[in-house]
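S.K.: Below are the chains, spelled out letter by letter.
Protein chains: 2
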Amino acid sequence: MYKLTKIESGVCAADGFFADGVSAGLKPDGAKDMAFIYSDTLCDIASVFTTNKMTAAPIRHFRNKGDFQTNFVLINSKNANAMTGKAGIEDIDEILSALPANITNPVMSSTGVIGVRLPKDKIISGTKLFNLTTRNSDAAAQAIMTTDSFAKKIAYKVELEDGSNFHIGAIAKGAGMINPAMATMLCFITTDADITKEEMQTLLNANTQLTFNAASVDGDTSTNDTVMLLSNKKSGIYNKEAFNKALYEIMTFLAREMVRDGEGATKLVTYKVTGAVSDKEAEVVAKALSNSLLVKTALYGEDPNWGRIASTVGASGAKADEALLSISFDDVCVYDKGNLYFDEAMEVKAAQVMKKDSFTISCDLGLGDGSFRAYGCDLGYKYVEINADYRT
Amino acid sequence: MYKLTKIESGVCAADGFFADGVSAGLKPDGAKDMAFIYSDTLCDIASVFTTNKMTAAPIRHFRNKGDFQTNFVLINSKNANAMTGKAGIEDIDEILSALPANITNPVMSSTGVIGVRLPKDKIISGTKLFNLTTRNSDAAAQAIMTTDSFAKKIAYKVELEDGSNFHIGAIAKGAGMINPAMATMLCFITTDADITKEEMQTLLNANTQLTFNAASVDGDTSTNDTVMLLSNKKSGIYNKEAFNKALYEIMTFLAREMVRDGEGATKLVTYKVTGAVSDKEAEVVAKALSNSLLVKTALYGEDPNWGRIASTVGASGAKADEALLSISFDDVCVYDKGNLYFDEAMEVKAAQVMKKDSFTISCDLGLGDGSFRAYGCDLGYKYVEINADYRT
Numbered sequence: 178m179y180k181l182t183k184i185e186s187g188v189c190a191a192d193g194f195f196a197d198g199v200s201a202g203l204k205p206d207g208a209k210d211m212a213f214i215y216s217d218t219l220c221d222i223a224s225v226f227t228t229n230k231m232t233a234a235p236i237r238h239f240r241n242k243g244d245f246q247t248n249f250v251l252i253n254s255k256n257a258n259a260m261t262g263k264a265g266i267e268d269i270d271e272i273l274s275a276l277p278a279n280i281t282n283p284v285m286s287s288t289g290v291i292g293v294r295l296p297k298d299k300i301i302s303g304t305k306l307f308n309l310t311t312r313n314s315d316a317a318a319q320a321i322m323t324t325d326s327f328a329k330k331i332a333y334k335v336e337l338e339d340g341s342n343f344h345i346g347a348i349a350k351g352a353g354m355i356n357p358a359m360a361t362m363l364c365f366i367t368t369d370a371d372i373t374k375e376e377m378q379t380l381l382n383a384n385t386q387l388t389f390n391a392a393s394v395d396g397d398t399s400t401n402d403t404v405m406l407l408s409n410k411k412s413g414i415y416n417k418e419a420f421n422k423a424l425y426e427i428m429t430f431l432a433r434e435m436v437r438d439g440e441g442a443t444k445l446v447t448y449k450v451t452g453a454v455s456d457k458e459a460e461v462v463a464k465a466l467s468n469s470l471l472v473k474t475a476l477y478g479e480d481p482n483w484g485r486i487a488s489t490v491g492a493s494g495a496k497a498d499e500a501l502l503s504i505s506f507d508d509v510c511v512y513d514k515g516n517l518y519f520d521e522a523m524e525v526k527a528a529q530v531m532k533k534d535s536f537t538i539s540c541d542l543g544l545g546d547g548s549f550r551a552y553g554c555d556l557g558y559k560y561v562e563i564n565a566d567y568r569t
Numbered sequence: 178m179y180k181l182t183k184i185e186s187g188v189c190a191a192d193g194f195f196a197d198g199v200s201a202g203l204k205p206d207g208a209k210d211m212a213f214i215y216s217d218t219l220c221d222i223a224s225v226f227t228t229n230k231m232t233a234a235p236i237r238h239f240r241n242k243g244d245f246q247t248n249f250v251l252i253n254s255k256n257a258n259a260m261t262g263k264a265g266i267e268d269i270d271e272i273l274s275a276l277p278a279n280i281t282n283p284v285m286s287s288t289g290v291i292g293v294r295l296p297k298d299k300i301i302s303g304t305k306l307f308n309l310t311t312r313n314s315d316a317a318a319q320a321i322m323t324t325d326s327f328a329k330k331i332a333y334k335v336e337l338e339d340g341s342n343f344h345i346g347a348i349a350k351g352a353g354m355i356n357p358a359m360a361t362m363l364c365f366i367t368t369d370a371d372i373t374k375e376e377m378q379t380l381l382n383a384n385t386q387l388t389f390n391a392a393s394v395d396g397d398t399s400t401n402d403t404v405m406l407l408s409n410k411k412s413g414i415y416n417k418e419a420f421n422k423a424l425y426e427i428m429t430f431l432a433r434e435m436v437r438d439g440e441g442a443t444k445l446v447t448y449k450v451t452g453a454v455s456d457k458e459a460e461v462v463a464k465a466l467s468n469s470l471l472v473k474t475a476l477y478g479e480d481p482n483w484g485r486i487a488s489t490v491g492a493s494g495a496k497a498d499e500a501l502l503s504i505s506f507d508d509v510c511v512y513d514k515g516n517l518y519f520d521e522a523m524e525v526k527a528a529q530v531m532k533k534d535s536f537t538i539s540c541d542l543g544l545g546d547g548s549f550r551a552y553g554c555d556l557g558y559k560y561v562e563i564n565a566d567y568r569t
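Residue numbers (my numbering), protein chains in the order written: chain A, 178 to 569; chain B, 178 to 569.
The following block holds chain A by itself, in its conformation from the complex (with noise of 0.2 angstroms):
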C-alpha cells in the first residue's frame, strides 16, 4: 500500500534539488532560454537519449564520459548543437569548464534549430546569472520551452504505509517532431527515493516504452531528444511498486501533455487498440494511426471518416481483416465486424465525440490479445503556419 499525492514545484519536488531559468538573450525577444537543475549532493543518473543517428552533440558529449555521478545540468533552448561535429563537442568543454568549483561532473542538454554552432559567450554569461539556492522549477520549465506554448511540470510525493516517504518531480519541453519512435523532447525528472541506478534505468525504459514512445506529434524523430532521471537518495526510503507507479504516472502525464500541445493541435486522442495477433502488433497499429495523416486531418476536420481509420489499420503491415474489425469512436460503435451500420444518425453521434478535446478511438482486430494504447493529436493550418516558418 503506499498513497500518491500530487504537489507543486516541479523538479524541485525532491529534497536537495534546485533549478531556476533566465534569459541569456539566445531567444530575441529576452524570453528565458537557459536552465539548471542542481542537487545538493550527487545523484546517480539514468537516461534514454534518440535513436536518429545524427545524435546532438550534448547526447555524444554525455557518452562519452562513461559512469559518472553528477550534481548538475544546463539546458539551453534556441539552438539544438546537432550536427556540429567535434567543435559542437569542444564547445560544450569549454562552457561547463566556465562553471562553479563546487560543480562536479556537470551535463549539458540542448534544444532548437540544428547545424549552428552554440553561441558560446552567450552560454557562458548567462550560467554566471544561476543563482544555485533558487528552487524555481517553473522557470526552468519555461526556459527549456521551444514551439511549446505551455510550460510542462508535474511531482508526487509518495507515502509508503509506514509514513515515510520520497518525493518525484519532472520538467519536459515537447511539441513538435514527437514520435512513437523515441518520445522527440527534452524530459528532466529528479528524485530523492533510495533507488539503485540500476533499478533507475530499468524502470526508466519500460516506462519510456509505453508512455513517450507512445505519443505522436508529426512522425519525425529529432537528434537531441533526452529523458534523464536523477537521484540523490536523499530520502532513504524507497519502495519499487511505489517509485514506478509514480514515475508511470508522471511520464504518461508529460507525454500526453505534450500531444496536447502538439504543434498547432486542438484535440489530444487516445488509440486503443486490441484483439492484436501480439502486443508488438496491436503498437504498430497504434503507432500507424497516431501518425497517419489522412487520419489527423480528419480529427482536425472533426470528420468521423471511419474508412481512413480501417485504410490506416490495414495499410500498417499489422495482420487484419475487414470481417473481424470493430472501430469506436468513444462508446459509439461505428463499424462493426463488416457491419456497416454507419447511418446519417449514427453519423451525427460520432461528429459530436469529434467535437469534443479529447477522446478515444478504439479499433479491436478480433485475432487475439495483443493490446496497446498511443496518443496522437490532429493536424491543422497552425502545424503548417509553425513548420513552415519555424526557423525565421
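Think of the hints as simulated: they come from the structure by calculation, not from any bench. Hints may be right or wrong, so weigh each one.
All copies of an identical chain are treated as equivalent in the list; a pair is satisfied when it fits inside any one copy or across any two copies.
What the hints assert, rightly or not - Derived lysine-lysine pairs resembling DSS-like cross-links, with alpha carbons at most 25 angstroms apart:
#1 K457 <-> K230
#2 K514 <-> K230
#3 K514 <-> K297
#4 K533 <-> K263
#5 K514 <-> K263
#6 K514 <-> K526
#7 K526 <-> K410
#8 K263 <-> K496
#9 K305 <-> K334
#10 K533 <-> K180
#11 K449 <-> K230
#12 K496 <-> K230
#13 K204 <-> K305
#14 K532 <-> K449
#15 K183 <-> K457
#16 K533 <-> K297
#17 K496 <-> K514
#18 K532 <-> K559
#19 K457 <-> K374
#20 K496 <-> K411
#21 K374 <-> K417
#22 K532 <-> K422
#23 K514 <-> K449
Given the structure is predicted, the values throughout are model-derived calculations rather than measurements.
Given the coordinates of chain A, assemble chain B onto it according to the supplied hints.
M.R.: For chain B alone, coordinates are given in the frame of chain A:
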C-alpha cells in the same frame, strides 16, 4: 536501336483500344464519374495491387477470377467500394452482369470514399451511356479523377530499327494517399505490343518499384491502389528493351505528375540519395525524406532548413554518419562532410533553388554505392483544407 515518339490519345493510342468517360450522377456537380476501356479483341492483363490488408472489393473480385483474358475495364470514381464486405463483391457481380453480351470477363476498378455501398442503380444506368466505338481517352482520364486537379495521360509510339512499331499509352489518377509502400492510385496502361503475359507482369513489377513506389504525397496507402497493363498484341511487334524503356518513361511521367498534383502541393522534389551501404538503405532514406512532415513543411515555406534533412536521414534507420554526409539543393552544397559552410550568401543561394517549382535534394551518405531516387512534394494549408473536409 529504337525510337520513342510522344503521341496523343492516352489509352486509345494502341490499336484496337477504345475509351470514354460519362457522368452517372455519382459526383454531385454533373462531372464525369464513370469510364471504360474496351479492346475489340481479348487482352492479357498484368497487374499490381495495394498491399493494404483492407483490400477493396474490386481487387478481391479480380483476384477471385484467377487466370483470365478480358476486353473491358469499368472504372468509377467517388466511391471506393472498400470495407463493404461480401455485399461489395455481390454489387460488382450485379453491375458487370448488366453489361452488353460482347463484353468478356469485365473487370471493375473503383476509387473514392471508403465504407459506403456502391450506388448500383446509378452505375448500371451509367453503363448504358457507354458507346464502345468512342476513342476519348481524355474523357476517361477526367472521369477517374477524385481530388486530382488535372487529368493524367501519356502515350508513345515505339518504332524499331526495321520501321515496325507498336504503341503504349496510359491514364492515371492519384493526388493524395500516395505512398512509397505502394503507389496509391489507379493507373491503366494499354498496348498493342506482342508481349507475353509473363513478361508484362515482370516488367510491370520492376518498373512499379522505381516509379509509383518511389512517389509520396502523404505517406498513406489506400485500399484500392491498382496498376493494370492490358495488351491485345494487335501490332504483332515486340522488342523487350524498347517496350521496357517506354513503360519506364510512361510510369515515371505519371508518378511525377501524381506527386506534382499532390493535394495542395506547390513543388515537385526529387530526392536523390547516393553513397548508402546498399540500394535498399538508399531507398529507406529517400522515402523517409519524401514522407517527413518537417521536411515537407520546410519545402512549403521555401526554407533551406538542411538540419531537418540531416535529422530525417539520421532518423530513417539507415546507416549514416554526420562526418561523411553531404547535402545539396540542386547544385548548391549546404553541408559537406561535417563542414558547416552555411553562411548568409549560401542561404540566399539555397533559398533561390527552393523557390523553383521543381528541384532536386541530393544526400550523399559517403558510405558505399547504394542509390535511390524518390519523388515528393511539399505540404501546405491546402492539404489540410482538402483533407479536413474531404467527405462533405
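S.K.: Take the hints in turn and mark each one as holding or not.
M.R.: Hints, one by one, checked against the model:
Taking the shortest alpha-carbon separations for K457 and K230, both the intra-copy value of 24 angstroms and the inter-copy value of 17 angstroms come in at or below 25 angstroms. Proximity of K514 to K230 under the C-alpha cut-off of 25 angstroms is restricted to the inter-copy arrangement: shortest distance 15 angstroms between copies versus 42 angstroms within a copy. In this homomeric assembly, K514 and K297 come within 25 angstroms of each other (Cα to Cα) only across copies, at 23 angstroms, whereas the closest approach inside a single copy is 60 angstroms. Taking identical chains as interchangeable, the C-alpha atoms of K533 and K263 are never at most 25 angstroms apart, the minima being 49 angstroms within one chain and 35 angstroms between chains.
Taking CA atoms no more than 25 angstroms apart as the test, K514 paired with K263 passes between copies only; the shortest distance there is 12 angstroms, against 57 angstroms inside one copy. In this assembly of identical chains, K514 and K526 lie within 25 angstroms of each other by CA distance solely inside one copy; the values are 19 angstroms within and 56 angstroms between copies. Taking identical chains as interchangeable, the C-alpha atoms of K526 and K410 are never at most 25 angstroms apart, the minima being 52 angstroms within one chain and 55 angstroms between chains. Taking CA atoms no more than 25 angstroms apart as the test, K263 paired with K496 passes between copies only; the shortest distance there is 20 angstroms, against 45 angstroms inside one copy.
Proximity of K305 to K334 under the C-alpha cut-off of 25 angstroms is found in neither arrangement, the shortest distances being 32 angstroms within a copy and 75 angstroms between copies. Within a single copy, K533 and K180 get their C-alpha atoms no closer than 31 angstroms, and across copies no closer than 61 angstroms, so neither meets the 25 angstroms cut-off. Taking the shortest alpha-carbon separations for K449 and K230, only the inter-copy value of 19 angstroms comes in at or below 25 angstroms, while the best intra-copy value is 30 angstroms. In this homomeric assembly, K496 and K230 come within 25 angstroms of each other (Cα to Cα) only across copies, at 8 angstroms, whereas the closest approach inside a single copy is 30 angstroms.
Taking the shortest alpha-carbon separations for K204 and K305, only the intra-copy value of 17 angstroms comes in at or below 25 angstroms, while the best inter-copy value is 68 angstroms. Taking CA atoms no more than 25 angstroms apart as the test, K532 paired with K449 passes inside one copy only; the shortest distance there is 19 angstroms, against 42 angstroms between copies. In this homomeric assembly, K183 and K457 never come within 25 angstroms of each other (Cα to Cα): the closest approach is 33 angstroms inside a single copy and 50 angstroms across copies. Taking the closest pair of Cα atoms, K533 and K297 never come within 25 angstroms of each other, the shortest separation being 46 angstroms inside a single copy and 36 angstroms across copies.
In the homo-oligomer, the alpha carbons of K496 and K514 lie at most 25 angstroms apart inside one protomer (15 angstroms), although the nearest pairing across protomers, at 42 angstroms, exceeds that limit. In this homomeric assembly, K532 and K559 come within 25 angstroms of each other (Cα to Cα) both inside a single copy, at 18 angstroms, and across copies, at 22 angstroms. In this homomeric assembly, K457 and K374 never come within 25 angstroms of each other (Cα to Cα): the closest approach is 28 angstroms inside a single copy and 40 angstroms across copies. In the homo-oligomer, the alpha carbons of K496 and K411 never lie at most 25 angstroms apart, since the shortest distance is 49 angstroms inside one protomer and 43 angstroms across protomers.
In this homomeric assembly, K374 and K417 come within 25 angstroms of each other (Cα to Cα) only inside a single copy, at 13 angstroms, whereas the closest approach across copies is 66 angstroms. In this assembly of identical chains, the alpha carbons of K532 and K422 never lie at most 25 angstroms apart, being 32 angstroms within a copy and 52 angstroms across copies at closest. In the homo-oligomer, the alpha carbons of K514 and K449 lie at most 25 angstroms apart inside one protomer (17 angstroms), although the nearest pairing across protomers, at 44 angstroms, exceeds that limit.
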